[in-house]
Amino acid sequence: MTALLEVEGLEVVYGHVIRAIQGISFSVGEGKIVGLVGLNGAGKTTTVRAISGFLPTENVRITDGRIRFAGQSIARLRPYQAARLGIAFVPERDKVFDTLTVRENLEVALTATTLRGDEPGRCRRYRSIKDILDLFEALARRADQLSVFLSGGERQMLAIGACLLTAPRLLIVDEASLGLAPIMRRQVLDMLAQLNREFGLTVLIVDQDVGGVLSIADHGYILENGRVVFAGSREHLLQHGDVKEFYLGQKEDRERGYRDVKQYRRVRRWH
Amino acid sequence: MVALVLTTVASWGIYALLGIGIVLVYRTSRVLNIASGEMAIFIGYVAATSIQYGLPFPVAVLFSMGAATVLGFVIFWFAIRGVMGEPPHVGLMITVGIAVILNGLMIVLFGGGMIAIPAGLPAFTTIGQVQLPTPDVVATIGAWFSIAVIAVIYRLTNLGLQMRAVAERVTLSAQRGLNVDRTVALSWIVGLLAAGLAGVLHGERSFVALSASAIGISALISCLIGGMDSLKGVVIAALIVAAAETLTARYIDPRYVLIAPVAILLVILIVRPWGLFGTVEEIRRV
Amino acid sequence: MDCILEIEDLSLSFGGLQVLRNVRLDVLRGKVTALIGPNGAGKTALLNCVSGIYAPQAGQISFDGDNIIGWSPERVARAGVARSFQNLELFPSLSVLENLLVARDQHFRGTALGAAIFFGPARRRELLEREKVERVIDFFELWPLRHVRAHDLPYGQQKIVGFARAMAADPKLLLLDEPGSGLTRDEKEDLARFILRLRFDWEVSILWIEHDLQMVSDLADRVHVLNAGECIASGTPNEVKQVPAVISAYVGDEAIAVPPKKSHAAAI
Amino acid sequence: MSINMNTQRIPSSLPTSRGRTIALRRGRAQWLTVLLGALALLLLPGVASVFWVHLANVSLIAVIAAVALNILTGNARLVSLGQAAFLGIGAFTAGILQRAYDVPFPVALAAAAVAGGIAGFFIALLSLRLRVLYVAVTTLVLHFTVTTIFSFVQAVFLDSSGIILPLPSLGILILKTPTQWYYFLVVVAAIVVLGALNLLRSFIGRRWTAVGEHDLAAEALGVPVAKAKLSVFAVTSAVVAFAGALSAYYVGTFSFETYNLGLAIAYLAMIIVGGVGSVLGSVLGAVFITLLPHVLDQMFLLLDLKIRANVLAGIHQITFGAMIVGFLLFEPRGLAELWRRFSAAAADWPFRYRSVDRGNR
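Protein chains in written order, with my numbering: chain A, 1 to 271; chain B, 272 to 557; chain C, 558 to 825; chain D, 826 to 1186.
Quick caveat, the hints were computed from the structure, so don't treat them as lab data.
Just so we're clear, the structure is a prediction, and the values are computed from it rather than from any experiment.
Hints are all accurate, no fakes.
Computed list of lysine to aspartate or glutamate pairs in DMTMM-like fashion (alpha-carbon distance at most 25 Å, straight line): (1) 729(C) x 1040(D); (2) 503(B) x 104(A); (3) 729(C) x 623(C).
Between the sequences and the hints, there should be enough to build the whole structure, so can you do that?
Here is the structure:
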């Protein structure tokens, strides 16, 4: 069992002085679902931006560490090169081209990615626009409409559909649940789980909803202040007392309500 | 009268070509190119100088188009690439810098004087019963042919689709595996080719000189009157600007030609700030 | 009942797109009113109508007895309606303190010349407003962040600063646009604490857009449910949860398609 | 095993003196810097040659106009390409009044400021509904309109070769030598810089910045957006026109050809090189850009290169352009940021990075 994506000792410095990522290590096994979760500002987004090659364009530098994808170092690749290696990315917002039609959106993904060789593990199930429109009936109905008129859920479908067209080896989903109603959140997660089950698609979910992610992920990494503070399999994390208390909001198996003001002042512990 | 119409039509083509270049690079890289006039005249100088060195007109045009390609790439690679995604005024100020550099280069390399670009054709063409000045005819045909080519590329090819994708979301395009730098570089090269050709045609009609970069201002005004997100709008607005200028020069005073388009622009900015064919969203975004 | 804000038959459309359709809802004085609904239901559009950013085609919005339809955002704000934004519209190059002081803008008087001299009344007014803002800083526990530029703050803190900035205006009615979205459990608990203390200690009326149903049912006194531009239910959290239309709206229409169950493993 | 005390929730220092936190300067080291700077400014004419004092005067006038432009463009985010036009409005107002009514120097300056303010007000009125790029283009249009009017006015009503202004006098004091001008300009520039710093920490400055960065959010907070835009344009344009009149008096003569687009671009270069949105940056940038061509000339003299005058002009332009592009690309916050980073690094030394959970500042 080899790891598809391996990050070792990643260190990122913002604007010359602030160290946002202070040595993060994790790996994503082939065919697994892995969750990268944590508070805002914990460094999740910075980490995935490093993986997909977006950091060097900003006032941000990777000062240390290695990022390897399928045995190859990708820290210096540019975004489109990372995408062509099979890293598909569903960003947090701005995930579709509003001024293009649904069909054109998919066409862009199709024309932009040249399928290279026969690397194993690339999800080649979906090759044409028709495949995607068959998969998502809601999209087929609006194929020639501008995507600005799509609803939140349809946008998510379109984004994932476009990613599938690029024959991904690894699908990174950033904040799949942000701004979606709870039921939609559940459905997005279920869909990712199903893609993983049916086609062995490797998925990296970056989210803050620890409970939701752990319900489908095989492994989880919890970040805080630019460090990994908890790591392990789903079962391990779900049973860990501190994770339960601070991330799932349960204490002694009792759901804690938002009205228990007394409990709010406390000192957060690590480990 | 016929001459007046032909002058208008010829400058219409030149402004439209230059304006399309501005809109194209604006849409893909969100940079409002204020330096388009300088770029056009710079390439015009290249053509004029190579004719002075003895190259025939068509070869000189080809040579200057080569120079435009190189210049477009250089400008994109060394200046624009670094400010993609920055707020719009940064790109604007970069092009201000580029305009100054090009102006300086024109002085240092070409002396900055007035040079004509002779096409080596007879002074008048006779079509049916009418005698027309050849330079205007050449400029008109050249400009409209190029506009047609650009329109086809933009609307019907994959490159055009990718340009439109990049125009909307740079980050997402890269995430979909699109080489954004290449697409934007190509759009700058197309923009420079358009500008360069406009400069050469302008030189062929009259002459190139430092002051001739004012055609860039006319083209910019056309873009704003038409709306920054609409190729069609620019073409129509260029006609308005060209006509206004020709009439001012003919009936008022050639020194004040810019006043007429400026007045029209002011009216447009008051009544319809997003331009005749622009969308309201466009103005909210910038 | 004593309502601070009453909206009647509000309709809004952009081009051909009907965003709000005869919406009717109210906000009780000194209570927390939540507004929930799926994406694209028109919640933010409703808030924008109240704060004067959008001009609705029909309907009435009466705030504290005045019909505020057609008022400019500035006038609405000066009348005592403050709001936070979903997309963190902080002023990035200003410090947290200055961000809060901008909200007190309406209390300043004077000319640019007086401000340039910055002596006498201008200085006294500045110090006075600073004292008021300090109370808000104390309340939201922003002590260490006073002089940090908003741009440099992490997301969660930016959200709290956005909330604090709305409160710095000392409003009668507070509009919160998804203050909890993108926050962690931990930060949400802070948010809950602030909302409760505002409601009980400061007695501010709050209209609050939120996605987290647990948070809404724990904190809100009253809930309105919006779906596809229509208000489909109103009541206490427990009442609303029972309404079948709500359950289907919240669960139903927007369902995402799931890949067919058949195995395509061979296709990989 | 590490324990986080979660310091963010604990007030580590309650505000003891609120006056302290709105003060312009904090700490003795900063006072010392200011004092040393002031001393150096006072002593400069004693050690420098007349030529360099002249350059210092030109820089000081540029400082006045650049500080104003930077508030408009850097803080209120309204890019103005009409700087030359506003300078010209000041010069022409003063010149016409001088010519027609022989008004005293201070009155002419005040009139120039008022004229600039009115012009700025109307441009702002035009651009109320416009966004950044369109405002820039509107000011560009203003530039061409106004310079055309200047050339017309000059040709028809004044001398077409240029207008000569008399030596200005302030009461009994006549400004004649560069040194006299120098002390006068140092005082004026100091007043303008202090005024700018005060404005930016007052509600007016906050309002301008807020409207520049997020006008919708500002409006929803009750900030009068239109008023803010009008006032920022009017106030800064008044200062720029004032500087234009000062400059015309200093040189003693002016002509419409002075106020070309190149001048406007030189001012943009000043604020970009110095640091957008920073008063210190405007000062540094104004001095830097004013001295740059002269430093270049001196360099060519030293190297004993014989360069024709118009080629030299070309080289100056290329350097300007390269400065604008280079700073925008590599140090968008300009010399001011270099200075800030230098002092921060000095303060943090020997550490290279600050941690994420930064403490109380």
